[in-house]
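Taken in sequence, the protein lines are chains A, B and C. With the numbering used here as the guide, the letters of the first sequence map in order to residues 1 to 274. With the numbering used here as the guide, the letters of the second sequence map in order to residues 1 to 297. With the numbering used here as the guide, the letters of the third sequence map in order to residues 1 to 348.
Rather than coming from a laboratory, the hints here were simulated on the basis of the structure. Don't be surprised by glycine CBs; every beta carbon is placed ideally from N, CA and C. Take the hints with a grain of salt, since some may be wrong.
Pair ranges (Cβ atoms, derived) [claimed, not checked]:
hint: 1; chain 1: B; residue 1: Val276; chain 2: A; residue 2: Ala42; range: 48 to 56 Å
hint: 2; chain 1: B; residue 1: Pro106; chain 2: A; residue 2: Trp121; range: 33 to 41 Å
hint: 3; chain 1: A; residue 1: Ala251; chain 2: C; residue 2: Ile63; range: 40 to 48 Å
hint: 4; chain 1: A; residue 1: Leu61; chain 2: B; residue 2: Leu55; range: 54 to 62 Å
hint: 5; chain 1: C; residue 1: Ala56; chain 2: A; residue 2: Ser40; range: 17 to 25 Å
hint: 6; chain 1: B; residue 1: Gly33; chain 2: C; residue 2: Tyr15; range: 20 to 28 Å
hint: 7; chain 1: B; residue 1: Asn253; chain 2: A; residue 2: Ala92; range: 32 to 40 Å
hint: 8; chain 1: B; residue 1: Ile30; chain 2: A; residue 2: Ser262; range: 32 to 40 Å
hint: 9; chain 1: C; residue 1: His229; chain 2: A; residue 2: Glu169; range: 50 to 58 Å
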Amino acid sequence: MARHRFIPGFGLTLGFTVFYLSVIVLVPLWFLVLRTTSLSWAQFWAIVVDPRTLASLRLTLLTSFAAAAVNAVMGFLVAWSLVRYQFPGKRAIDAIVDLPFALPTAVSGIALTAIYSSNGWLGSVLEPLGIKVAFTPLGITVALIFIGLPFVVRALQPALEDLDPAVEEAAAILGAGRWQTFLRVILPAVTPALITGFTMAFARAVGEYGSVVFISGNMPLKTEHVSLLIIAKLEQFDYAGATALGSLMLAISFVLLLAINSLQWWTARRYQGN
Amino acid sequence: MVDRTAISRKLIPDMIQTAKTTEPAWMRTILLGIALLFLLCFLVLPLAAVFTEALRRGFGAYLASFRDAAAMSAIRLTLLAAGIAVPANLVFGLAASWGIARFKFPGRNLLVTLIDLPFAVSPVISGLIYVLLFGMQGALGPWLAQHNIQIIFAVPGIVLATVFVTFPFVARELIPLMQEQGSEEEEAALLLGASGWQTFWRVTLPNIKWGLLYGVILCNARAMGEFGAVSVVSGHIRGKTNTVPLHVEILYNEYNFVGAFAVASLLALLALLTLVIKSALEWKIRAEAALQVEEAA
Amino acid sequence: MSIEVRNVSKTFGGYVALRNVSLCVGNGELVALLGPSGSGKTTLLRIIAGLEVPDAADGSAVIVAGEEISARNARERRVGFVFQHYALFRYMTVFENIAFGLRVRPREERPAKAGIRERVNRLLELIQLDGLAHRYPAQLSGGQRQRVALARALAIEPKVLLLDEPFGALDAKVRQELRRWLRRLHDEIHVTSVLVTHDQDEALEVADRIVVMNQARIEQTGTPEEVFHNPASQFVMEFLGHVNLFHGRVESGKAVVSNDASTGAPIFVRPFDLEIHREARGAAPMRARVRRIQSAGPSAKVELAGDNGQPILVEMSHDRLRELSLRRDDAVFVNPREAKVFLDDYSI
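Chain A with its partners taken away, still in its complex shape (with noise of 0.2 Å):
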């Protein structure tokens, strides 16, 4: 099949692309796997139900649900205003909307602290309110919520955008009132795009690190992220616990990424037929 091609560079370009990326990714990846697999089964059970991590993970499932489901609603309103609402500045507030790819993490995590601390712009204002943010599993979440917007946000975009404004002229024809014609016709529509947007969310928010480890405080049991569990058992040689917990990461992370995956493929089939 490889032998004749009229266009030339194909051993060169795909030589190099499967070994580049076999270097770079492939490799180190199955050294995790393997180094893992090293571990008894009940080493590695003892690792995983160990209270301390069973509390990060329970807080980094928890606080990054929350954080895609609050992203799922926002999200779905931003994109709606930037698709169908006319206002100044629309361009610059559309650009915006990818800071957090833009901004390092370590930056919006030392200024969402500084916001949220209890002197801060809004943590002045909540704290007498009772909330505290900073420090607190609250905290983590609103990290999450901002670096999680984006993929919400540009995933329901260009769904919305192909809508066919003929579709919602027809529901208001055949005597849908605006609700209705959004729940049943609109909502439906941008389903998958909107799992998609959450899922992606969500699975960054379960890896997060430079925007967590600074509001978060990283109280054991209390207030810390799988990610900061991680470095903390590095920090202290334990390589074994490390490993252990970053196939589980890894294991996780690929789940999602398959569902996405399998969920777009099942959309194109049923909805642009092939």
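Take the given structure of chain A and dock chains B and C to it, following the hints.
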């Protein structure tokens, strides 16, 4: 996935809407108000906080933060890491997109998925894998120690981690772009007698230049700003293995807030510059796509 | 410079695009590959260009200008190719597009700058776009772009010129103008050319010879007159224009048409090979009723319904129509002047 969709966004700027298919004015105002307030609290305030905190003690104190050997060495190391990672991933992106977009072969989709892998891996794990491979307790650690080669807690580890986290940026921009453009122009050039390299330099490269620049800009922003992965492999040796983001962390943990935010403001400016260029490129790419659509019509 | 294709097959995965196809194109000839989409005509053209490689098989060969196409790399083949969607280099001006094939030659073969300019200017004159040398492709109309693409292909003085649906993306009027212009151009420069098209009018008007393709095979090869008047198969007959289908039997070498579909062989008659009469004439006239008369156009078309309701289309001159003074719902008789029967391989 995310950035690609931003490019391929529809060319029609805004839908023409009738009263039946939009919300009442008061409703629109409320929805838009909530959306903007949310963006203000979650995006604009943190950005403003960086600059406010950096200038808290005045402009003199701000500038003084950079007159520091550790800060300068951090900037140098960051430029070095990005200076290696970006060109390496640029060459990779060009090779991968040519191989994947210009030929059909079994396993092509798998390859595309594998190229995206580093985006699915947490930054901490991206660093961890190199520690497990090259660290003292790692698979190659003892051999490296014997030969006096240090990778982890040294510059090579930082470069490697940076290359890993920025790996897919250029390739994932170029692959869909080149697939969309098709191979006809290259076929025409080759039939007219051009060599493979002539075809690449004179026909392919001009066609993909904006998409390429887009990928490079994003790749560079991440390379200069990466924190988690680099943090794991760096060892935080001041003046030696600290990049700019790591230097921010150290200053912050030493309660030198003005210094931390001053250095952070550099990174924030880089982020803003990135967003401006990115937005301009998206506009440019969309305009060209519109031109091509019109041409095909 | 002739082209010879011998026993070529091509499969893409499980899909057969060409099944053992052979073809000869003589020096200076303009041959059209005509067929519906999916018939394999573009694949055949791309194989002649060397863009695709045929399946390996004994006795299979593609010989262009006396040489096996795969024996030389693209640079030395000198094949001119015109793409349906032009494939102009979008970041080069018209001038740069046309000059490209000359400028990429190795230094020792490359004409001097002045020589390149002169040749490009001559080609610009030939395609009547002298004033537009510094425009970019996006600033040209479709017809102008296709002429630039043709000039670009001719600039390298190709041994053969291959055109893949060159007018397919253009609107009807430009398409007609361009194909006449192409024919005149060919009469001037006489380069061996192969043109792929799905438009039978285009093939009939432009080509010296037509190769009709269907389902990965060649159905018939011949001059436009041959394929039109002596189609070798039912497919060719149907593809080259409207036909009426009747049933009937063959009696002493002559077709006797009857309307009984249950018995007899299919008989094909072109609309202008049918005559309408007010009264019964000839061996086996068919009764029919006028449904619609369409007299706009070079000839008049009358749609009728046969006894059992099957539609019949008759074409005649305006004079004849006036003579008959037909009206809707008039009862008339239809006689075939000439008919084609395809009984396996036997046709009359």
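Comparing the hints with the structure gives:
1. For the pair Val276 of chain B and Ala42 of chain A, the supplied restraint of 48 to 56 Å holds, since their beta-carbon distance comes to about 55 Å.
2. Look at Pro106 of chain B against Trp121 of chain A: about 56 Å separates their beta carbons, and that is not inside 33 to 41 Å.
3. Look at Ala251 of chain A against Ile63 of chain C: about 59 Å separates their beta carbons, and that is not inside 40 to 48 Å.
4. Against the hinted window of 54 to 62 Å, the Cβ-Cβ separation of Leu61 of chain A and Leu55 of chain B comes to about 39 Å, which falls outside the hint.
5. Between Ala56 of chain C and Ser40 of chain A the CB atoms are about 54 Å apart, so this pair departs from the stated range of 17 to 25 Å.
6. For the hinted restraint 20 to 28 Å between Gly33 of chain B and Tyr15 of chain C, the CB-CB distance of approximately 57 Å leaves it violated.
7. For Asn253 of chain B and Ala92 of chain A, the hinted distance range of 32 to 40 Å is satisfied, since their beta carbons lie about 34 Å from each other.
8. In this structure the supplied range 32 to 40 Å holds for Ile30 of chain B paired with Ser262 of chain A, their Cβ-Cβ distance being about 37 Å.
9. Roughly 54 Å separates the CB atoms of His229 of chain C and Glu169 of chain A, a value that falls within the hinted 50 to 58 Å.
Violated hints for the displayed structure, listed by number in ascending order: 2, 3, 4, 5, 6.
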